[in-house]
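**Student:** With these hints in hand, go ahead and build the complete structure from the sequences.
The residues making up each chain are set out below.
2 protein chains.
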Amino acid sequence: MATLRNLYEPNTDLGNALHTNFDVDFVIDYRFAGTDKVQAEREFEELIKALNNVGLSTEVRNGDNFAVLIFVKITSERHLRAEVYRSRVQDWLYGVRVIAPDKDMQASLSSEPVIEAERLRLVYLLITKPTNEGGAGITPKKGKWKAVESIFSLHDHTFNKAWIKDLTSKYFLSQKDLTEIRNRFGEKIAFYFAFLQSYFLFLTFPAGFGFCSWVILGQFSPIYAIVNGLWCIVFVEYWKKQEIDLAVQWGVRGVSKIQHKRPDFKHESVVQDPITGEDVKIYSPVKRLSRQLLQVPFALTAAFILGSLIALCFGIEVFISEVYSGPFKTYLVFLPTVILTVMMPTLSTLLTGFAARLTDLENYETVDAHENAMVSKIFVLNFITSYLPIFLTAFVYVPFAQIIVPHLDIFQLTVRPFAENEKQMTTPNANFQINPDRLKKQVIYFTVTAQIVGFALEIVVPYISRRFFRKVKQVKAERAMSSDLAGNMTSNKSSLAAKHPDHPAADDHPEEAAFLARVRNEAELSIYDVTADFREMIVQFGYLSLFSVVWPLTALSFLINNWIELRGDALKIALETQRPVPWRADSIGPWLDALSFLSWLGSLTAAALVYLFRGDGLGPSGSPWDIKVWGLLLAMFFSEHIYLGVRMAVRVALSKIDSPGLQKERGERVKVRKQYLEESFGQEVADKALSGGISVGETINRKTLEDEARESSLRGHGTPEEMFWARQRGVEDCVAVGKGYIGKAASRMAASKESKKEL
Amino acid sequence: MATLRNLYEPNTDLGNALHTNFDVDFVIDYRFAGTDKVQAEREFEELIKALNNVGLSTEVRNGDNFAVLIFVKITSERHLRAEVYRSRVQDWLYGVRVIAPDKDMQASLSSEPVIEAERLRLVYLLITKPTNEGGAGITPKKGKWKAVESIFSLHDHTFNKAWIKDLTSKYFLSQKDLTEIRNRFGEKIAFYFAFLQSYFLFLTFPAGFGFCSWVILGQFSPIYAIVNGLWCIVFVEYWKKQEIDLAVQWGVRGVSKIQHKRPDFKHESVVQDPITGEDVKIYSPVKRLSRQLLQVPFALTAAFILGSLIALCFGIEVFISEVYSGPFKTYLVFLPTVILTVMMPTLSTLLTGFAARLTDLENYETVDAHENAMVSKIFVLNFITSYLPIFLTAFVYVPFAQIIVPHLDIFQLTVRPFAENEKQMTTPNANFQINPDRLKKQVIYFTVTAQIVGFALEIVVPYISRRFFRKVKQVKAERAMSSDLAGNMTSNKSSLAAKHPDHPAADDHPEEAAFLARVRNEAELSIYDVTADFREMIVQFGYLSLFSVVWPLTALSFLINNWIELRGDALKIALETQRPVPWRADSIGPWLDALSFLSWLGSLTAAALVYLFRGDGLGPSGSPWDIKVWGLLLAMFFSEHIYLGVRMAVRVALSKIDSPGLQKERGERVKVRKQYLEESFGQEVADKALSGGISVGETINRKTLEDEARESSLRGHGTPEEMFWARQRGVEDCVAVGKGYIGKAASRMAASKESKKEL
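From first to last, the protein sequence lines are chains A and B.
Its first residue numbered 0, the first sequence is counted upward by one per residue in numbering that gives the first Met the number 0.
Its first residue numbered 0, the second sequence is counted upward by one per residue in numbering that gives the first Met the number 0.
Take the hints with a grain of salt, since some may be wrong.
One copy or any two copies: either way a pair holds, since identical chains are not told apart in the list.
Below are the EDC-like pairs computed for lysine to aspartate or glutamate, each with C-alpha atoms no more than 16 Å apart in a straight line [said to hold, decoys possible]:
{"hint": "1", "residue 1": "K752", "residue 2": "D35"}
{"hint": "2", "residue 1": "K670", "residue 2": "E457"}
{"hint": "3", "residue 1": "K571", "residue 2": "E535"}
{"hint": "4", "residue 1": "K143", "residue 2": "E42"}
{"hint": "5", "residue 1": "K286", "residue 2": "D528"}
{"hint": "6", "residue 1": "K143", "residue 2": "E267"}
{"hint": "7", "residue 1": "K102", "residue 2": "E678"}
In case anyone wonders, no lab produced these hints; they're calculated from the structure.
**Tutor:** Rendered as structure tokens:
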């Protein structure tokens with residue numbers, strides 16, 4: 000790609016600064032603009048000491064915007080190795096690893112080298128963990144660390160450039176590519192890319208089938224709906240399996256059990272666990288539940304507010320396009336879109352902020368629980384903003400248009416200034432026809448236009464604005480320079496700084512200047528939020544499962560969009576955001592539930608849409624008023640239960656299939672068992688034991704039995720039990736007696752047969 | 000209980016034979032009546048040798064019916080201890096135990112003594128396991144062990160008597176009682192009693208509420224339906240939790256992972272597992288799937304056959320009771336019941352046999368998979384026979400009676416011989432009224448009458464028939480004796496035997512005679528099948544969840560029935576069946592799915608019943624013809640989805656509650672972790688580590704840093720990285736430089752503020 004170079008090296012004067020990170024693990028952006036000098040200095044000293052106390056080296060340099068940049072690296076490799084080893088032992092103790100790490104630390108580390116993500120994660124934890132857990136306890140923007148703006152690691156630009164280049168030159172990511180992402184950015188982000196990749200691959204089928212269906216079957220085809228529902232089931236169930244498999248391969252299965260405590264958690268009391276003897280900080284679950292119940296009014300209020308806004312705009316739009324016949328109609332039609340575009344983001348931000356406060360109020364103990372609670376609220380908000388308009392069109396406007404449209408006169412207000420007479424604003428009483436294409440147009444808007452707009456807002460706009468602001472900064476600096484009379488021809492940034500003792504770069508050592516300039520840029524970048532990207536994909540999946548029967552090309556549009564999306568997200572991580580902290584994860588978390596839920600809901604909406612709009616798009620018998628409600632309900636009822644049945648079958652079928660991850664796990668378990676048995680019983684027995692039971696049964700011999708019998712007789716007659724077991728001594732005796740009985744019985748049998756014959 | 004003594008000591012002449020088992024672990028009933036003498040003797044010898052080879056002692060005695068009884072016990076306690084230890088190590092390796100058994104076998108066994116169920120299970124496995132897994136490989140009634148009729152352990156009558164007495168004197172079983180059952184009869188049976196107990200306890204609520212509802216609300220009350228649905232959810236979810244808890248407490252959680260191979264499994268090929276290197280016997284899963292698919296036609300055929308029989312009898316009954324008006328009506332009404340009573344068990348047995356053959360055909364690898372497949376088929380059959388009649392009445396007869404009844408004329412055939420004229424057999428055209436009480440009567444029949452009949456068939460009839468046949472046997476023996484002239488006044492069984500050399504007891508040693516007589520009786524008993532008892536309870540739960548809204552007293556009837564049921568089952572185990580092999584289990588298995596399914600289905604049927612029959616029991620507006628199908632469907636739709644929502648909420652709520660089992664597990668995990676950490680890092684660190692991370696961070700000191708710097712300067716200028724990190728030496732230097740930057744920036748800040756003020 001010719002433009003990649005452009006994109007990638009915005010500041011050519013940074014030169015080889017992109018190729019080294021000076022061994023820096025993390026950079027702390029310390030901004031003291033808000034505090035006075037004495038406090039800033041005191042807190043800075045505390046910060047440096049806290050870092051040094053946990054074995055981190057620091058270097059300090061000037062930053063932009065009244066900030067200093069603190070460069071942090073782990074002091075000695077030995078310290079890092081100890082941290083890695085401890086983390087791995089902890090993993091094993093929590094069941095994340097099957098095989099215990101070698102008790103010899105060195106051997107353990109050389110058999111499994113430290114990857115970059117692991118190193119960065121552990122250093123980050125060292126900086127942020129509470130002091131009683133052995134960390135420096137630095138929590139950005141909170142408490143006494145209010146001045147700590149952010150803690151970020153530096154991009155590996157050499158890798159990033161190669162990565163982006165590689166991504167743009169291929170269609171599918173291989174397992175190796177995903178593992179590479181995991182090694183650099185951690186499992187949480189790797190899971191996002193793995194999900195996106197699986198989703199992209201799976202989309203090829205409905206894209207192809209949807210295209211054929213569009214050509215041959217038209218819209219609202221029951222066949223398309225069934226195939227699409229099946230595809231949703233297979234995709235969701237496949238991903239569930241794939242997720243586990245990846246977690247096993249990356250050695251993080253069950254890692255969600257190792258929970259990071261939330262520093263913001265406020266406990267009510269400290270109780271000693273009766274079992275483990277640990278002190279446990281308690282927050283009354285009843286209190287939390289009562290606060291969680293606030294979610295219900297919150298969801299209802301949000302649905303009401305967003306719903307009324309959407310319904311209002313929808314009503315105005317219908318009124319203008321279907322009823323109004325005055326001047327400016329072509330422009331007025333866009334009025335509701337403008338209202339929505341202005342109001343919606345504001346309302347969404349407001350409600351998201353409220354959701355965040357609600358989640359804080361729920362006061363979760365762990366980071367995971369907090370995040371999950373927040374995600375579920377975000378999902379509810381997104382569900383309303385994304386799907387409600389289409390629901391309104393499909394299930395309110397079309398079936399009830401003839402009831403509703405006459406009442407739309409209330410929206411006359413919006414066009415009164417433009418209308419020339421009352422007639423232009425009243426419903427034509429006769430021959431009002433609902434617009435059956437409205438639904439399709441809306442779906443196309445959400446699945447094509449909105450996706451493109453979203454991509455632009457996510458990637459293009461931030462890129463342009465960043466370039467713009469950097470340009471402004473540069474121009475400002477140059478103006479400052481030109482005001483300086485002694486302009487030097489070979490001036491570059493660092494010499495520029497030398498001339499301006501007030502500039503933050505003034506103190507930079509020449510050989511570090513380019514590097515520091517880059518770090519100052521990275522400090523300005525925003526933080527990457529994988530949740531937002533997940534949200535986007537899940538909402539997209541929702542359109543496919545809920546409404547794609549309206550417009551079968553949906554999947555094709557998504558297929559194209561997602562090819563770009565994946566590369567766009569990679570670019571965003573590499574260029575637009577700070578390098579993310581490589582957190583671990585063993586799944587895509589609560590989004591999986593959202594996925595299942597949307598897939599299920601799809602079985603209901605698809606059936607309803609097909610039933611309502613099949614044929615000419617106007618219901619079973621041409622007019623929506625002839626819809627049989629019981630037919631609709633019956634269609635939905637069957638669709639849902641067939642869906643649930645098929646899902647169960649697919650689950651069972653997939654559970655029977657072996658996979659690399661499961662094989663790996665099985666192999667590890669067998670290894671552990673063998674090792675233990677070898678330690679306890681020796682080599683040969685271990686081999687035998689693994690193929691079943693352990694068969695070192697003692698064979699009984701006549702000798703021991705005779706000894707026992709003698710012993711018993713020495714003690715006199717023995718107990719009745721001893722007498723009972725001593726009657727037949729050894730196998731031969733037992734066999735002989737038994738044969739005697741059999742012989743006797745056989746002759747008796749023969750005799751009875753004889754006597755029967757005689758009778 | 001006065002009759003307990005009667006029940007319990009049917010043969011008073013057995014005297015203290017009930018109080019000792021002569022240390023016998025198992026008895027093998029070897030019946031050679033079918034084979035010729037030579038073969039019988041050869042196989043007998045093989046049998047004895049096979050047993051002795053795996054360390055089991057044998058004694059042989061005469062049995063009834065051309066059989067010998069082989070008494071088996073484990074030869075030495077040391078051998079038993081080794082078996083126990085190996086089994087416990089295996090448990091640990093499969094994750095059933097959290098804590099590894101002490102590597103010193105003796106210490107391990109003395110810290111956790113062997114319970115009776117464990118001993119019997121291991122001995123049984125020793126007898127039945129394949130030879131390559133270290134067992135004797137004896138499979139009753141199969142292959143070369145065709146003559147082995149059964150392998151059973153002897154009842155501990157002292158315990159049994161005390162147990163039954165204890166059970167009949169209390170209302171609820173305590174945790175201790177359940178653990179006692181587990182110690183004696185194994186976890187599988189203990190789970191049955193635990194389930195029955197939980198179910199009984201939970202029933203008290205709907206029994207009370209149902210009674211109030213019956214008095215106040217009448218039948219088909221929506222309130223009752225909602226409360227009942229809620230109760231079903233809470234019960235099923237509670238049991239799921241309770242099941243896990245019990246499994247943890249009994250140390251069997253996850254024991255279902257340790258699968259016993261089915262001796263009947265036929266493999267197609269042997270493949271080496273690429274991971275573990277073990278030989279794995281393979282049966283093509285595709286082939287199995289194709290055979291599993293036979294279940295669909297099987298279920299359909301069964302539904303059709305049983306359904307038509309039920310529908311036929313139902314039709315005849317309706318015809319006779321509602322249409323027919325000729326003579327003998329009172330008696331003829333019972334005709335369909337007679338047909339059902341005669342045909343149904345025959346058909347059921349036939350179909351069950353067919354299901355068993357189908358399951359054999361599916362050729363499962365493990366005993367568990369085989370049993371589960373069988374249970375699911377049995378459930379389908381029982382579903383049809385138990386619920387179809389009520390479904391027919393509720394959803395076919397009542398709504399469609401006016402369509403159907405006129406066509407019932409085809410059943411004229413059945414009463415033609417009795418009718419006096421045609422008129423008696425034709426439908427009265429006008430004023431035909433459906434009988435709304437029919438549904439209630441039917442539910443009462445199934446929930447009261449059928450339960451009592453079932454109990455009688457299960458407990459009373461076998462008891463009486465056993466007594467009868469024993470009496471016959473005794474009379475026969477006495478007659479044989481009286482034909483002997485020298486009648487001895489003090490004759491008892493053994494002396495009787497002495498007089499009759501042909502009698503199997505003839506060879507008995509006098510001091511064993513009573514014991515052997517008892518063993519001969521136990522050999523005749525049937526084998527206890529816990530599946531049948533589970534089936535009965537699950538079917539009963541089904542009536543409650545599906546139809547109790549018809550007759551709210553259902554739960555009260557079940558409460559009374561189940562008090563007796565539990566004692567009856569205990570009596571059955573103690574007296575009517577051989578002592579069961581104490582198998583382990585970690586749940587009630589596939590019955591749990593059946594339970595969830597019935598509870599879910601209840602949300603649909605209850606809503607439908609309430610909608611159809613509310614008010615006067617004849618639909619919403621007096622006549623069933625006015626039923627709105629969409630109303631019915633909407634009611635069911637809402638009911639089901641509210642059900643699913645509430646179930647999820649109950650699940651989440653229950654998952655938050657701590658329980659003794661979970662506490663135990665947590666405690667064990669902490670113990671294991673602590674132990675490992677102590678071994679690797681020593682006491683103090685272990686304590687610290689458990690409360691979070693491990694905090695032996697190396698504090699950095701100026702000395703080391705200076706050394707490093709000196710080293711770097713010795714090497715010349717060092718790499719750029721070394722230069723970067725050497726600029727500030729140690730904490731003080733870093734703090735000083737940072738303070739300098741802050742000071743400078745602060746003055747700049749102040750200056751810019753000043754300049755702004757000036758402007």
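**Student:** It remains to establish, for every hint, whether it holds in the given structure.
**Tutor:** Cross-check of the supplied hints:
When the C-alpha separation of K752 and D35 is checked against a cutoff of 16 Å, the pair qualifies only between copies, where the shortest distance is 13 Å, while the shortest distance within a copy is 116 Å. With identical chains, the CA atoms of K670 and E457 are never at most 16 Å apart, being 48 Å at best within one copy and 50 Å at best between copies. When the C-alpha separation of K571 and E535 is checked against a cutoff of 16 Å, the pair qualifies only within one copy, where the shortest distance is 15 Å, while the shortest distance between copies is 62 Å. For a Cα distance limit of 16 Å, the shortest separation of K143 from E42 inside one copy, 8 Å, qualifies, whereas the shortest one across copies, 86 Å, does not.
Proximity of K286 to D528 under the C-alpha cut-off of 16 Å is found in neither arrangement, the shortest distances being 30 Å within a copy and 48 Å between copies. Taking identical chains as interchangeable, the C-alpha atoms of K143 and E267 are never at most 16 Å apart, the minima being 22 Å within one chain and 70 Å between chains. With identical chains, the CA atoms of K102 and E678 are at most 16 Å apart both within one copy (15 Å) and between copies (9 Å).
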